[in-house]
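Modelling step: build the complete structure from the supplied sequences, incorporating the hints.
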Amino acid sequence: MASGATLASKSALPGAGGIKTVSAGSSGRAAADADPNQPLLDVRGVTIQYKTQRHLVTATYRVGFNVLQGDRFVVLGPSGCGKSTLLKAVGGYLQPTEGEIRLKGELIKKPGPDRIMVFQEFDQLLPWKTVLENVAFPLKTTGTLHAKAAQERAMDYIKMVNLSKFAHSYPHTLSGGMKQRVAIARAMAMEPDILLMDEPFAALDALTRVRMQDELLALWDEIRFTVLFVTHSIPEAIKIGSRILLLSPHPGQVKAEINSVPRGQENSNEAAALGREIHEMLFADQIEEAPNA
Amino acid sequence: MLEAMQRANIYSETLGPEQFGIIQKPLTLPEKIYNQSWLRKIAILVVLAAAWEIYGRWLDNPLLVPPFSEAMRALVEDVSNGTIPSRALSSIQVLLIGFTTGTLLAGLLTVFAFSTRIGTDFLETMTAMFNPLPAIALLPLALIWFGLGVGSLVFVLVHSVMWAVALNTLAGFRSVSMTVRMVGRNYNLNGLRFVGKILIPAAFPSILAGLKIGWAFAWRTLIAAELIFGVSSGQGGLGWYIFESKNQLNIPEVFAGLLTIILIGLAVENVVFRFVETRTVQRWGMQT
Chain A
32 MASGATLASK SALPGAGGIK TVSAGSSGRA AADADPNQPL LDVRGVTIQY KTQRHLVTAT
92 YRVGFNVLQG DRFVVLGPSG CGKSTLLKAV GGYLQPTEGE IRLKGELIKK PGPDRIMVFQ
152 EFDQLLPWKT VLENVAFPLK TTGTLHAKAA QERAMDYIKM VNLSKFAHSY PHTLSGGMKQ
212 RVAIARAMAM EPDILLMDEP FAALDALTRV RMQDELLALW DEIRFTVLFV THSIPEAIKI
272 GSRILLLSPH PGQVKAEINS VPRGQENSNE AAALGREIHE MLFADQIEEA PNA
Chain B
1318 MLEAMQRANI YSETLGPEQF GIIQKPLTLP EKIYNQSWLR KIAILVVLAA AWEIYGRWLD
1378 NPLLVPPFSE AMRALVEDVS NGTIPSRALS SIQVLLIGFT TGTLLAGLLT VFAFSTRIGT
1438 DFLETMTAMF NPLPAIALLP LALIWFGLGV GSLVFVLVHS VMWAVALNTL AGFRSVSMTV
1498 RMVGRNYNLN GLRFVGKILI PAAFPSILAG LKIGWAFAWR TLIAAELIFG VSSGQGGLGW
1558 YIFESKNQLN IPEVFAGLLT IILIGLAVEN VVFRFVETRT VQRWGMQT
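Protein chains in written order, with this note's numbering: chain A, 32 to 324; chain B, 1318 to 1605.
By construction, these hints were calculated from the structure, which means they are not laboratory data. Be aware that one or more of the hints could be misleading.
To be verified - Computed list of lysine to any residue pairs in SDA-like fashion (alpha-carbon distance at most 25 Å, straight line):
(1) B:Lys1514 with A:Ala180
(2) A:Lys196 with B:Arg1596
(3) B:Lys1514 with A:Leu176
(4) A:Lys141 with B:Phe1431
(5) A:Lys171 with B:Met1499
(6) A:Lys141 with B:Met1495
(7) A:Lys140 with B:Glu1335
(8) A:Lys82 with B:Val1493
(9) A:Lys196 with B:Glu1335
(10) A:Lys286 with A:Ala303
(11) A:Lys82 with B:Phe1431
To be verified - Stretch-level coverage of chain A by chain B, calculated; a stretch enters the list once three of its residues show a Cβ under 8 Å from a Cβ in chain B:
(12) 165-176
(13) 192-206
(14) 296-304
Just so you know, these numbers come straight off a predicted model, no measurement behind them. Think of the CB as a built atom: it goes at the ideal place given N, C-alpha and C, for glycine as much as any other residue.
The following block contains the structure:
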């Protein structure tokens, strides 16, 4: 923490005072809903360090970006660029050593149900609960809804991911894709301010992955949720994202923040060109790194 | 290479499911019978009983090994005249008190151990010291502290249950996956709500294994303790029944007592724990 303090004292970051003035105290929530230009999620100069047994690892260095209401914001980078670490910091599981992360103007200090995380691992579903119980679980434990209303809303979202038939099945009887659909339904049923997805489709086979991507986009068309989506796949980033943040590895630094191609044009020539552009930017890093390694 | 270019595309018609005769076929009756694990186990028991009967008759010395039929006669007789049921009941009562107390204490100890580092050290040191110590070795001390009675028995039972359960529960808590823990924290669960809603169900297979071991330790310890000082509050348990029968040279009754202990052990394992397992860890797919 000592190093964090010195880092923080030095952080006279450009623009640190600029956008900040918009959110004013308790009216922050209402202001965020009213003003579409107020960033929903404001990540500013975030450096994250963590200790392993032997090293102090700097995962990201002074990363900053804004996520607006309704964004499909993709964080893209090779492995080791700290993108998952960054997502965990937004989730509140880690504290940045420098910089700050604000959701609707509120500083993020700990995990909370206003940011629901969808993990890559299939074991994120609680095996002792059925699909319906899993989806209703956060609604009940956080006191969002009472038993009956929670069941109804859970059922609505299960229907939305086409799993009504399996509402009373236990997770171990489902396939990987179905488990991820339940996890997505569980996250969306909470209607969080922002959905955090940590490579949710990475452990799926290629065919299922494409289907899940289509389904996620269809759900977005319906509900227009805000999602922060982490991936290492360039085609997935172009297809899912409306805006893409490119991170360089070791430590993660912002390389670019670009717009993706419009919805439904992920097979167009522009998409292919964008893919090449992104690929070159990521590839440039590897050439720089090679002599060091 | 040229030949590969010349090959035509091949398309074939597939049959719909309605055109197939049998896709799933039920098992035959002998296969179904053999698939029942309790039937296989009963077959093993029958063979063992037959071997005992033959050996007992061949030896022809009922003071050493009475045949199985003799032991069964004694068992049926003492069960029907109410001796064995009342003795067993008195043993089971004491056992339940000790087992429940031990489990609750183990639970407290584990939560303490899981939440603080010093608690972990405490639990680890205590288990390292006391787990290898046979509970029965504490009985003389217990008799001095708590006198002749249920108190001493409960003390040794708690000792025999607590460490095994605590050790397994802690191991279970530690093996709960990071993802599941993060899911719980995502929903603002913390403290005892986190333990109750996430850790205990997620670690249930280990906890159940600990309870099984604890139960076996407790049952063993109780019978041994009863053999040593027998009567508690005027009513002896099964251990005392065996001791009495041996003193009166009623060897079939001794075997009847041993059989009762085994039968109760089997019943707890195959009825009580099986019931809990099928309702929990098996249904949840945590154990096959």
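- Task: Would you pick out the hints that fail for this structure and give their numbers low to high?
- Result: Failing hints, ascending: 7, 14.
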